[in-house]
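Participant: Following the hints, position chains P and X against chain R.
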Amino acid sequence: MAESYPEDLKYHPEHDWARVEGDEAVFGITWYAQDALGEVVFFDPPTVGSQLTKDEVYAEVESVKAVSDVFAPLSGEILEVNEALAEGPEKINHDPYGDGWLVKVRLSDPAEVDVLLDVTAYRDLLQSG
Amino acid sequence: MSHDPRRDEDTVTIYERSRAGRRAFTAPELDVPDVAVEEILPAAAIRRRPPQLPEVSEPEIVRHFTTLSSKNFHLDEGFYPLGSCTMKHNPKLHERLAALPGHARLHPLQDPEHAQGALELMWRLEGALGEIAGLPQVSLQPSAGSHGELAGLLLTRAYHQDRGETRTKVLTPDTAHGTNPATVTMAGYEVVKVGTSPDGEVDLDDLRDKATEDVACLMLTNPNTLGLFDTNIAEIAEIVHGVGATLYYDGANLNAVMGIARPGDMGFDIVHFNLHKTFTQPHGGGGPGAGPIAVSERIEPFLPTPQVVRHGGDNGSEPRFSLDHDRPRSIGKLRGFQGNFGVFVRSYAYICSLGGDGLREASEVAVLNANYLKARLAEQGVAEYLPVAFDRTCMHEFVLSGRGARDKLGVKTLDLAKRLLDHGVHPPTVYFPLLVEEALMIEPTETETKERLDHFANAVRAILEEAAEDPEIARGAPYTTPVRRLDEAGAAKRPVVRQGMGENPGSPERAKNRPAGAAGAI
Amino acid sequence: MSRYTSVTDTDLREMLDVIGAATMDDLFADIPKALRLQRPIELPGGRSEQEVHEELAGLAARNRHCDAEVSFLGAGMYDHYVPSLVDALTGRSEFLTPYTPYQPEISQGGLQVMFEFQTAISELTGLPVANASVYEGPSAVAAAGYLAKLETKRTRLVASRGMHPHSRAALRTHAAGYGMEVVEVPLDDRGATDPAALTEAVDDDTAAVFVQQPNFLGTVEELDELAEAGKATGALLVCAADPLPLGILKPPGEQGADICVGEGQTLGNRLDYGGPSFGFFAAGERFIRRMPGRIAGETRDVDGRRGFVLTLQTREQHIRREKATHNICTAQALNALAGVVYLSWLGRRGIVELAELMLKRTHYARGRLGLEAINAGPVVREFAVRVPDLDGLFERARAARVNPGYRLGRDYPEYEDGLLVAITERRTKADIDVLGTLLGDRARAGAHA
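Protein chains in written order, with my numbering: chain R, -17 to 111; chain P, 49 to 570; chain X, 403 to 851.
Each hint can be trusted.
Partial chain P-side listing against chain R, Cβ under 10 Å, derived:
1) Tyr479
2) Glu536
3) Ala537
4) Gly538
5) Ala539
6) Ala540
7) Lys541
8) Arg542
Partial selection, computed: residues in chain P whose CB lies under 7 Å from chain X:
9) Pro102
10) Gly150
11) Ala152
12) His155
13) Met314
14) Gly333
15) Gly335
16) Ile379
17) Leu382
18) Gly384
19) Gly404
20) Ala423
21) Leu469
22) Thr529
23) Gln547
By construction, these hints were calculated from the structure, which means they are not laboratory data. All C-beta atoms in this analysis are idealised placements derived from N, C-alpha and C, irrespective of residue type, glycine included.
Just chain R, same shape as in the assembly:
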């Protein structure tokens, strides 16, 4: 998949994205993160019902050459985890913003969204790298 950063997403400096839909959001890792990792071999999802805190690590994504921490862009309660990743973790590489989604949460503090980066700011961050 070619490098891309969808306009309608919000971004976290640790290379995670959030798709906000009202008081719920879906999280994942960006193209940059999956590219750095290489082919993903394992994703151990957190449990449904557990609480995430903004800026804290909530899971790990493992590739052949690295294990990467996944940071929560926003705080909330996990409603759903992407079970399809157990059989097909490489979805995170092939479709990081679609089939490669990680968790869906109910936001506990929607105002946190304001602190996240928009696509321009995130691209700037990558440039300054």
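Facilitator: The following block gives chains P and X in isolation, referenced to the frame of chain R:
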């Protein structure tokens, strides 16, 4: 397909060679009264089904493992410039000495009175290592370098505790070998990274910032993993000691400085040696090794138990050696018995063979060889693709960056490494240290001839020239090895870590029809 | 120039020329003068191969080894017969001199050996996942403690006094680092782990319970019962096992052990005054990503050829760094090779035959020696007895070139007069009878334990 029928045949495991009824072992005859197993052991303890070990005859065992051995590249056949590993020649004398029954057949709990040769060898090895390190008190117990590192931090912890202090952090440079931070966590400390300055040395300002009284230790190697001698080491020691912390020396790079400079003189409190690097213990495909430590007087009381002690020996009397288990402030035991004695035999033989002069010469030539190879690889046609990471005299190893080859030729360091395999040499260490992009860490060691260094430099040049013409060749390499690039992602996604015994693994059909991703359950 | 380097004067001149340095010393200019060693290293001069051989052979000759005496010494390492094909194979350069298989394309031999070794250990222990080996037995126990900490996040470890003293000691030393308390559970008057005491000792903060099978005294522990007691609060059960008795003993994996570790010396390795050998480490499937050390996995290459790689390396120190499952950087690859060759030599039936032989000879020895048992329950290859005059026995035995066994009082003050006697396939009935005679022939005629 390769048109080589042997190459196109899949490998077979020893379990797949097994056929019911074949055997290599015959038990000695029963010379005591026969009693049924059920009369001695309770039913609940008796195994229902024997372990599914193979049933094979001796010729098949020999042929199977000999065939496997032919698929290994090894040091006795070729150049192995793995940075940080010190792949120097393994002297053949050492195998003969290690196999002597007085060494190989000696039980670790033999009465010390009947193990005087072994204890004396250990004592003498300790003395030699202490002299090389410039720190007099030695323990041979740790089993490997990382075990020695753990010992060093446990000693540090005991030292601080003894002084009534609790410290929580350990500093490591960002160029540190992966074992260093892993060890820090196992020893119950928090890792704090210290930056590297543009000249490749420890960033003193960053160190001063981070060296607080909460720091227990700074772990360093000198020369560092960039192959550079840190010229500020005296000041580093002052900063670290100034806050009451210990200074730990990772001995991975000791091969650069034997007889030339001593870690103890540089200010280090604790040093570990890698006997499988600097002191020729054969790597054995991954192990065994040994990681003895040398420490300063103030750390000595905490050394592991037992310690080898020498009694008498003055005034012409025969010295006696014993094991001292009574060490009240010791951190205790790190492992069983006294350590990897078989490794001590080889290392001691090496030290005896070289002597003080020879050890110094080994380091001098190691540094000479590295600088020569670095100069050859700095020639036109190579340097623009593999620029050296730090343009200064290196010690026993140096680091190149493959970013030039990646950007200009489209071949990454990984591809260069794989193509080197086709040239009959082992590639250097790749992608370490993390500080350097597309890193290649090269350590030729002192036992290579100038011609072999030239051959390696020529091979690198040839690969780059080839890549300029057609980068696909390197990207698809290797071609001449027993297998080509392997699916490591698949191996991690669906790990198959043992032979499945579901069907009879000894059936010829099974060897052909193996499912690729069979789970390894019993 | 030593016999291991090759730099002639001509080489030196040419190389310095290419480097652009005037002398060898210039290459060390970065080392501050104040730190340079101002005198030669104080070590004797270098010597020829012959001289070194004579010196070390002289030292070796002063050690009384297992071919120079009849040894009943066990206590963790044993005098077994190692077949010559082990030496022939482990002496091959192709196995002896390569590095860790980081370039799998040229390391298929070593990697397949690891895979076959892992399979053998899995079979012996009854657990599905085994690694390519760790350093040795007691530190494998300590590594299991670290895994239990990472897995459960609890802070207590409970260990039976039946564990090898070095295993308990190594566990304590390592636990002091990773911050856990180690609590000991005593043995009962049968010389077995006291199940009531175990139940008592285990609580909600216990990460793992450690037992050994057979235990240090040689007792066959009732693992089912201990598993029930030990795991009641969710702790992991770690069983350290002596591998050869597993030929006839039920594998710990079938009796509730989550992890099985142990000392591998008896599997085709030398005594070597205590090392090197290997430790084995096997566990349930769910721990595969928490296991320390190297693991070889099967895969295919780009042409579809079957092959092997180090897998799950991201757990290891060189990638994971401070979050690694362990700091271990090695497998005891050469020693594990000896292990899998030896197990292939023994084979499915051989290991049973060997274990049964030891069982029966041990049974005979207990009766023949006729001494008061410290552990009267079932044993396989080792047992503990009370000897009224240990010093006298050792004196007589020394003169007869017999080593009666291990004096328990060193590690177990409660068995001050205790002797631990080990039987291997090398100890014949005649040897056992000699020991019996040295003890003063207390055997009751026709007695059975």
